[in-house]
Structures are given as structure tokens and as C-alpha cells.
Amino acid sequence: MINIIKVLFKKEVTDASRDKRSVMAGLYYAIGAPIGMCLLMSILLQQLASPDALKIIIENANSAPGLVAHLASSDIKVADDKNDPLLKPITLSISDDYKQNLSEGRPATVTLIADKSDDKLGKHINRVEKAMAVYSSEIASLRLVSRGIDPNLMRALAIEVNDQATPDSKGGMILGLVTFSIILTLFYAAMSLAIDTSAGERERNSLSLLLSHPLSSLHIVLAKVGAITAFSMLGLVIILVVSKVVYPMVAWEQLGFSITITPEFMLFCIAICFPIALMSSSLQVFVSFMAKSFKEAQSYVTMVLFIPMALSMVTTYDIATDVVQWLPIAAQQFALMEFIKGNPIPVPQLLLSTGVTVVLFALFSFLSARMLKSEKVVFGL
Amino acid sequence: MINVSNLSKKIGDVNALNGLSFSAENGKITGLLGPNGAGKTTCLRTVFGLLKADSGFAEIDGIDVAKQPMQAKQNLGLFPDPCGLYERLTPREYISFFAQLSGLSAAQAKEATTQVIDKLSMSDIADRRCQGFSQGQRMKTALAQAVVHNPTNVILDEPTRGLDVMSTRILRELLLLLKAQGHCVLFSSHVMQEVAALCDHVVIMAKGQVIAQGSIEQLCEQAGKDTLEEAFIALIGSDEGIAA
Numbered sequence: 001m002i003n004i005i006k007v008l009f010k011k012e013v014t015d016a017s018r019d020k021r022s023v024m025a026g027l028y029y030a031i032g033a034p035i036g037m038c039l040l041m042s043i044l045l046q047q048l049a050s051p052d053a054l055k056i057i058i059e060n061a062n063s064a065p066g067l068v069a070h071l072a073s074s075d076i077k078v079a080d081d082k083n084d085p086l087l088k089p090i091t092l093s094i095s096d097d098y099k100q101n102l103s104e105g106r107p108a109t110v111t112l113i114a115d116k117s118d119d120k121l122g123k124h125i126n127r128v129e130k131a132m133a134v135y136s137s138e139i140a141s142l143r144l145v146s147r148g149i150d151p152n153l154m155r156a157l158a159i160e161v162n163d164q165a166t167p168d169s170k171g172g173m174i175l176g177l178v179t180f181s182i183i184l185t186l187f188y189a190a191m192s193l194a195i196d197t198s199a200g201e202r203e204r205n206s207l208s209l210l211l212s213h214p215l216s217s218l219h220i221v222l223a224k225v226g227a228i229t230a231f232s233m234l235g236l237v238i239i240l241v242v243s244k245v246v247y248p249m250v251a252w253e254q255l256g257f258s259i260t261i262t263p264e265f266m267l268f269c270i271a272i273c274f275p276i277a278l279m280s281s282s283l284q285v286f287v288s289f290m291a292k293s294f295k296e297a298q299s300y301v302t303m304v305l306f307i308p309m310a311l312s313m314v315t316t317y318d319i320a321t322d323v324v325q326w327l328p329i330a331a332q333q334f335a336l337m338e339f340i341k342g343n344p345i346p347v348p349q350l351l352l353s354t355g356v357t358v359v360l361f362a363l364f365s366f367l368s369a370r371m372l373k374s375e376k377v378v379f380g381l
Numbered sequence: 382m383i384n385v386s387n388l389s390k391k392i393g394d395v396n397a398l399n400g401l402s403f404s405a406e407n408g409k410i411t412g413l414l415g416p417n418g419a420g421k422t423t424c425l426r427t428v429f430g431l432l433k434a435d436s437g438f439a440e441i442d443g444i445d446v447a448k449q450p451m452q453a454k455q456n457l458g459l460f461p462d463p464c465g466l467y468e469r470l471t472p473r474e475y476i477s478f479f480a481q482l483s484g485l486s487a488a489q490a491k492e493a494t495t496q497v498i499d500k501l502s503m504s505d506i507a508d509r510r511c512q513g514f515s516q517g518q519r520m521k522t523a524l525a526q527a528v529v530h531n532p533t534n535v536i537l538d539e540p541t542r543g544l545d546v547m548s549t550r551i552l553r554e555l556l557l558l559l560k561a562q563g564h565c566v567l568f569s570s571h572v573m574q575e576v577a578a579l580c581d582h583v584v585i586m587a588k589g590q591v592i593a594q595g596s597i598e599q600l601c602e603q604a605g606k607d608t609l610e611e612a613f614i615a616l617i618g619s620d621e622g623i624a625a
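For the protein sequence lines, the chains are L and R, in the order given.
Residue 1 is where the first sequence starts when you use this note's numbering, and the numbers rise one by one after that.
Residue 382 is where the second sequence starts when you use this note's numbering, and the numbers rise one by one after that.
Simulated from the structure, these hints should not be mistaken for laboratory data.
Be aware that one or more of the hints could be misleading.
Said to hold, decoys possible - Listed below are several chain L residues computed to face chain R (Cβ distance under 7 Å; list not exhaustive):
hint, residue
1, 7
2, 11
3, 18
4, 203
5, 205
6, 206
7, 208
8, 209
9, 212
10, 213
11, 214
12, 215
13, 375
Backbone N, C-alpha and C define an ideal beta-carbon position, used for all residues, glycine too.
Working from the sequences, and respecting the hints, build out all of it.
As C-alpha cells, this is what we get:
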């Protein structure tokens, strides 16, 4: 039996590895996902680190030279030219009695005119409001000092935060996305191959010839699942290696954390992802055989893959309930995130979900083998 | 030896096989002759266990295919229609793969593959991928796959379709050689010349039933005609008359 599976496996791997289009489709994801994410993050971080110079219109600016100078120190300047590309549609209107009110210790009116429903403008409006609030607070403190009052009276609470997070544990959402992209490789790296080796094989009429030989349909299914798993694991190794190379290139320290793909993490990831790869391969073969044609299989597999994606997403965005954390994929991804953070691994959840993953692999393989005994499935009737 | 007894098979609303019975002996070439839609392919698919008969049974060397499929298929070589090639494998890889599935070891399969490639004069295409092969090259590859493990029983579904003159001659010689070696050869065809030139025993079928069977001489005598083609038309025609 082992020998027959070996012969079938070797043929599946040879056949699949020559299907360049399918292999490349999988590898593009494994190589492209971490690189794409790093590029995106780098651009985002650059924007956070050096906010653009902001230009606004200030009406009656001469009445408030102090405020204008304070805004300028925060890189918010008065636009000289109305066609200036940096000019945002934000107007600060200084009231005529501003100077008088300020000198008499009364609130001086400054009107901010802008469209708050404009999403792109939101962050700029916030920036102007924050800068003005700081100015207001500084002037207020000076007024208290000049009247012989300690400005600290205005602070009822002295809030001190003792952050126990390590740089590795702060990643949160970003770590979720990193592990999400890794788990997804197991499903997408070999998707085309899975469809080709099952629905494709039937469409090319070689499946019926295979089944006419003295071997059981379970041998055929196991060899196919094995070959697809091999390609999924290849995708996993590639994404891990690429991640290890490209993630350190992003300046994560600006966000106060770091993402380190260590060799230990890579080994841990390979070990706990292997059962997922088996389950993913058997699921894709099962769904592909259920479809009547290659095209139908493509639609079905894409739809079915939403389930593991959803399980991974709830972990990524930390919206998993206690029950979900025991489910396959969600639990494994959670363990991966905890490993990177250096936290203890949730062993019971990991063991149970791995067990369920292996049972699902066995179930899907058995169901596929049973389907291959049906004339309707073999001839796509 | 292949023995088919009272096979019935309904596909959808059509009675594809309707109490079909015949035998194909060892050391003889048996031809399954019938018009399109007679049930030839359905019959052969039932013999190699891909379709389950509603009633009746098919035996290979006395083993019931439905009850003991693994044992029954052990001594069977198949040439299906369509050929079922793997486009990305070379004929050498393809033939060797099926040889191993039929029970040969890797070394035996390699040896047997080389021999059958020589026998069918296909060395020039043996190491090219099957993608882009002509119909004749495809048929040759499938034929090599069917006989590589030297099975006692060889079943061929429309094997001469698309073959050029030279390839047809090679096929004929191969089938005659298999016969001389004592193999049981069963093939389906609707080409009279092939059947007339090769078969020791002809089974004429239509609408899933055997209309007549025997040697070519016996069939001609039965129909009162001089040639197999005329006898075939007469026999099929009379059947349609009865059925109507």
C-alpha cells in the first residue's frame, strides 16, 4: 500500500511541478504577500514620522501673532498662494476683539471653518485643533502664574502609566496580519494545483483510467493530498524566509515594537502548520471532486476558503470569543502570535485544535475516496 | 478470459445494457461490434469496474469484478476511450507509472517500458511530453500503457481511431502477437475492416443487447451474406425490425 501511494505521490509531484502556471500562482503569493505588506507599512510609517507641512487660511492673522507663531512651530502655516498644493480647505477666523479679550483675560474667539465630513480632511482638522488646544493651555498656565497661582492646581490626577509590554508584544494588529498572511499561504499556495489534480484530472479523462487499475480510491486521494500538502509547505517555507528577510527592513521601532522572525518561530510555525496544510489540501480536493467541472471547482474552492479566512480574521482583529479560540486555525494562529510575543503558548487550545484539524483531514480524505467510488462523480454526471 | 453474464445497466432513463452476455476466450481476439450508442463503452467500463451493473456480472479469469475488484483487475490491461494521457508527462514516465500501478517494481517497470517502446516503434517520442501529440501518437502511448505489464486480458475501446496506416499495422501485429502468446484480447470497434481482419470471435451488439455472435464465417452464414459488413447491417436491421 505504501509503495503504491509512493508511486502515485511521485507522479502527482512531477505532474504538478511541471504545471508552471499553477506553481507560480502559489509562489507569487508566498513571495509577494510579505513584501507588499512591508512596502505598505513603510509608506504608512513614513507618513506618521514626518507629517506633511500643512497650510491653511487664517483670516485677520495680524490680530493674533502669538497664535500664528505657535501654529507655525507645529508646521501649520498661513498660505500665501491660493493655488498652493499644500493648502487645505481649513480656515481660522480670528475675531476682531481677539486682541482685547486676550489681554483682558477673557476667552478670545477663534472660529475654525472646515468640512468635518470630509474623511481626508479629518486628520488635518485634528492637528489644527490639537495645536490650538496646546496654545490655549500654555496661555492659561501663564495667566495663573502671573496671578501667583500654581498651574498644577488644574491637574487633579497625576496619571502615570507603567507599560509592561515588550517591544515584541506590542505589535497587536500588525502581528495578527503577519500570522494571517502566513496561515493563508497554506490555503492559497497550492489552490490551483489542488483543483488541477482533482477536477482537472477528471476533465482530462485520466481519473477513470487511474481508477480502472488495481488500487483503492483512498490511495489516490492520499497521494493527491500529500502532493498538494508538499506544495503548501513549500509556500509556507518561502513566506517564512521572505518574511525573515523583509520584516526587519521596516522601521517598526517608530511604533514602539518589533517583529522578529526567529529560526525557532519558523520551526514552530512549520510544525503547527503541517496539520493545517493536510486539512486544507484534503478540503480542496473534496470540494473540487464535488464540482462537476474545473470552472465550477474554482468557484466552489474560492467560496469554501472564506471559512478558514474568517477564522483567521477573527484572531487577527482580536474579536474572537472564548469559544472561537478553541477552533482550528483560530487557535493555531493565536499560538503563533503568542510565540512571537514571547508569551506562554495556549497549549490546551493548540492541542485540541490540532486534533480537530487532523480529524478533519481524515474525514475529508475518506469522503473524497468514497466519492470516487460513485459513477456520477467519476464521470461528472 | 473475460465472461459477461446478463449485464443490465440503466444510465438516466436509457437502458445502456439490457441483459448482455458473451465470453472472450484466451488465445483469441474478440471484437465487440456495434453502431454508435450500442453500449460498447458502457459494457467495457462495467468490465473494468468503473460502472456498477444493475444486474448480472462480469468476470475476469473467473473473478467477479464487482465483488473482488483488486484481484480481478490484476491481470487486466486497458486502453480507454478517450486515452486519458497526462499531458505534462513523457510517454516513458506515463507507461512506467501505470506499469508500477499494475504491480511491477520500479526496475521491472523501467525494463518493461523500454521493451514496449521498442515494440511499438515509439522511441522518437518516448521522452517528449505528451502535450501536442498527434492522435496517432496518443493512441500508441495509451496502447503501450495497456500492454506494458503483459496482462493476461487486454481490453481496448476503439483502438484504431485516428491511427495512420503504419500505426494500424503495428497495432494489428501487436494484437496478433498477444493472441499467439495466449492472451485474451477484447476490443470494441465500429470499423468493419479491423474486425474482419483481426477477430476470431465477433459479438454484434445493439441497444445494449447481443444481436448475434460467432466467427465471421458463422455470422455471414447466419445472415446469408458474403461479407461481414452486409451481415452486420442485415443483423442490426432485423433487430430494429423486431424491436419496432
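For each hint, the structure was consulted:
At about 5 Å, the closest approach between the beta carbon of residue 7 (chain L) and any beta carbon in chain R falls short of 7 Å, and the interface hint on this residue holds. Interface hint status for residue 11 (chain L): upheld, as the beta-carbon distance to the closest one in chain R is roughly 5 Å, under 7 Å. The closest approach between the C-beta of residue 18 (chain L) and any C-beta of chain R is roughly 4 Å, which is under the 7 Å cut-off, so the hint is satisfied. With its C-beta approaching chain R no nearer than about 11 Å, residue 203 (chain L) sits outside the 7 Å limit, and its interface hint is violated.
With its C-beta approaching chain R no nearer than about 4 Å, residue 205 (chain L) sits inside the 7 Å limit, and its interface hint holds. Hint on residue 206 (chain L) holds. Least Cβ distance to chain R is approximately 4 Å, under the 7 Å limit. The closest approach between the C-beta of residue 208 (chain L) and any C-beta of chain R is roughly 6 Å, which is under the 7 Å cut-off, so the hint is satisfied. Restraint check, residue 209 (chain L) versus chain R: the minimum CB separation of about 4 Å is within 7 Å; hint holds.
With its C-beta approaching chain R no nearer than about 4 Å, residue 212 (chain L) sits inside the 7 Å limit, and its interface hint holds. Hint on residue 213 (chain L) holds. Least Cβ distance to chain R is approximately 5 Å, under the 7 Å limit. For the restraint placing residue 214 (chain L) at the interface with chain R, the shortest Cβ-Cβ distance is roughly 4 Å, inside the 7 Å limit, so the hint holds. Interface restraint check for residue 215 (chain L): the shortest CB-CB distance to chain R comes to about 6 Å, inside 7 Å, so the restraint holds.
Satisfaction of the interface hint for residue 375 (chain L) is found here, the shortest Cβ-Cβ separation to chain R being roughly 5 Å, below the 7 Å cut-off.
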